Amino acid sequence: MNIIKFLDEFTTDNLVNKKSSRRDMFSTFGSLGKKAAMAAVPFGLASMPSKVFAQDSGNAAVDALQLALTLEYLEDEFYQLALDCTSLPDGRPRVIYEQIAKHEAAHVDFLMAGLEGAGVEPVAKPEFDFTAGGMFDPFRQNGADKETAYAQLLALAQAFEDTGVRAYKGQATNLQGTPFLTAALQIHSVEARHASEIRRLRGLKGWITGNERGAGMPEATQAVYNGEENVTQGGVDVTTLGDEGPFTFESSTEAYDEPITGDTAVAIASLFIKS
Amino acid sequence: MKKQKIKVISPKGNSGNPRRQFIKLGGLAVAGAGLMVACSKEEMAMQPTTPPNPDAGGDGDETPDEGNGIFDLGEGDLGVLNYAYALEQLEADFYTKVVNGFYKNCSQEEKTVLTDLYYHEVNHREFFRAAIGAAVGDKTELMLPDLEFDYGDFDFGNRDQVLNTAKVLEDTGVSAYNGAGKLLENPTYLVLAGKIVSVEARHASAIRTLVNPGSADFAGDDVVTVDNGLDLSKDPSEVLAAVAGLGWLQTEFTARFLP
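For the record, the sequence lines run as chains A and B. Per this note's numbering: the first sequence = residues 1164 to 1438. Per this note's numbering: the second sequence = residues 260 to 518.
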């Protein structure tokens, strides 16, 4: 599958239209019985019967997993290149990047196996350009000095991890009622652990305040943070909760992470996709 | 440095306003007498027969239990919300104790992190109070009561005890939300739970690094399975057993309709 064609499908219109196919899937599970569907969860994606994805185009759950795989491809390659480049210092930074790289590689394998196990061809790995058309030089391929390259290495990691958290969260309802939901949530929280640590390595809080992208983040990454300033949860302004005075705006936004839609995630990732 | 004054937001009472504001969600099955059908005689016989708890609300006959006066979290989305509310009550209460008497030699970085966690967890607790209040309406006996905690000889003045317990609480929260997501039927609740679980994971990561600086513990091999990169996911029964194992919870409740 052509990656750009695939990504183009993540428009709001397409996602809305796909709701009917999700309903079809719900009914498939309905016949299996809720218990049976849930029982399959702990055994992972690979154990899924392929008939779940009988209609493998226009299936919201498949598309959610393909989007997840695309983002994992991006993260996996980014961290592999980071470990091999000359801008990553030894000590804490390398320890962190090695641990994250291990997880992103595992996520790629896991999602590919899950899709294949379900009878779906995993989306092909795109060709990435982490300079974003010359905007960055995190791996010092174009002669950036070590300090600048390292700062970009950290900034990009933060952007990718915070995007990952928001993107998985945004896809959760597309996976609801399928045995893939729990696995996606289990990856989602790992991305959040990564995001917190990378942010703290950069001297920021591990959580997102308002829609602040954080000191030193390039303006190009603002799309990653837009919408995080939301304080209305389930119709309640959470700054007003409690009896003895409102919570601050800052803590109220930090306490909740916000989802992004598939097309927002794609727009962010597309900055780094050559073809 | 002057001791930081922390305002404690009391769990007592409720302005009622957020409850009215909370989005009206259709389709939430409010647990009622019909639940009894799902509970076999055998299961019921296995329930503890402790005396009625005055905190459980009502006289026991109105709660979705078999009349032993012990609150049951309930089933379906309401059961999951009450379950999350119980965990958030514990976290909020724990950090309230922590920030009102920081352990000696608590660094500024540690104070900042613990204070943030305190505000986040109290916010989560109050949010669930509002959400459940909206869901149960007048049937307030279906909402988990305010839980009481007794920390016994736990030493809030001991850095290692505080940070290691915070680590357990945050990791447990992550695994609990990950395990409970599939139990939610209403997509709105799933997204709301998702908004919270990633913040719990951010907390867990930060606390783990405070415990073991410079390590890979933020997403350590003890919580993220090496071969598939998946975080922990646990069923309510497993989580609640671990919480009970802390020995701090003074208010009894059951979770007979959750896995």
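By construction, these hints were calculated from the structure, which means they are not laboratory data. Values in this document were obtained by computation on a predicted structure and should not be read as measured data. Ideal Cβ positions, reconstructed from N, Cα and C, are used throughout, including at glycine. Where hints are given, some of them may not hold.
[Claimed, not checked] Under the rule of at most 30 Å between Cα atoms (straight-line distance), these lysine-lysine pairs were calculated in the DSBU-like manner:
#, chain 1, residue 1, chain 2, residue 2
1, A, 1265, B, 493
2, A, 1368, B, 493
3, B, 426, B, 493
4, A, 1368, B, 398
5, A, 1309, A, 1288
[Unchecked claim] Listed next, the stretches of chain A that the computed footprint assigns to chain B, with coverage defined by at least 3 CB atoms under 8 Å from CB atoms of chain B:
#, segment
6, 1254-1260
7, 1263-1274
8, 1425-1433
Hint-by-hint comparison with the structure:
With a C-alpha separation of about 23 Å, the suggested pairing of residue 1265 of chain A with residue 493 of chain B holds against the 30 Å cut-off. Of the pairs offered as hints, the one joining residue 1368 of chain A and residue 493 of chain B holds, with about 28 Å between alpha carbons and a cut-off of 30 Å not exceeded. Our distance criterion of 30 Å between C-alpha atoms is met by residue 426 of chain B and residue 493 of chain B, whose separation comes to about 16 Å. Of the pairs offered as hints, the one joining residue 1368 of chain A and residue 398 of chain B is violated, with about 40 Å between alpha carbons and a cut-off of 30 Å exceeded.
With a C-alpha separation of about 29 Å, the suggested pair residue 1309 of chain A and residue 1288 of chain A falls inside the 30 Å cut-off, and the hint holds. Coverage of the segment 1254-1260 of chain A by chain B holds. Counting CB-CB distances below 8 Å, 4 residues qualify, and the rule asks for three or more. By the rule of at least three residues with a Cβ nearer than 8 Å to a Cβ of chain B, the coverage given for the segment 1263-1274 of chain A holds, with 9 such residues. For the segment 1425-1433 of chain A, the stated coverage by chain B is not satisfied: 0 residues place a CB nearer than 8 Å to a CB of that chain, which falls below the threshold of 3.
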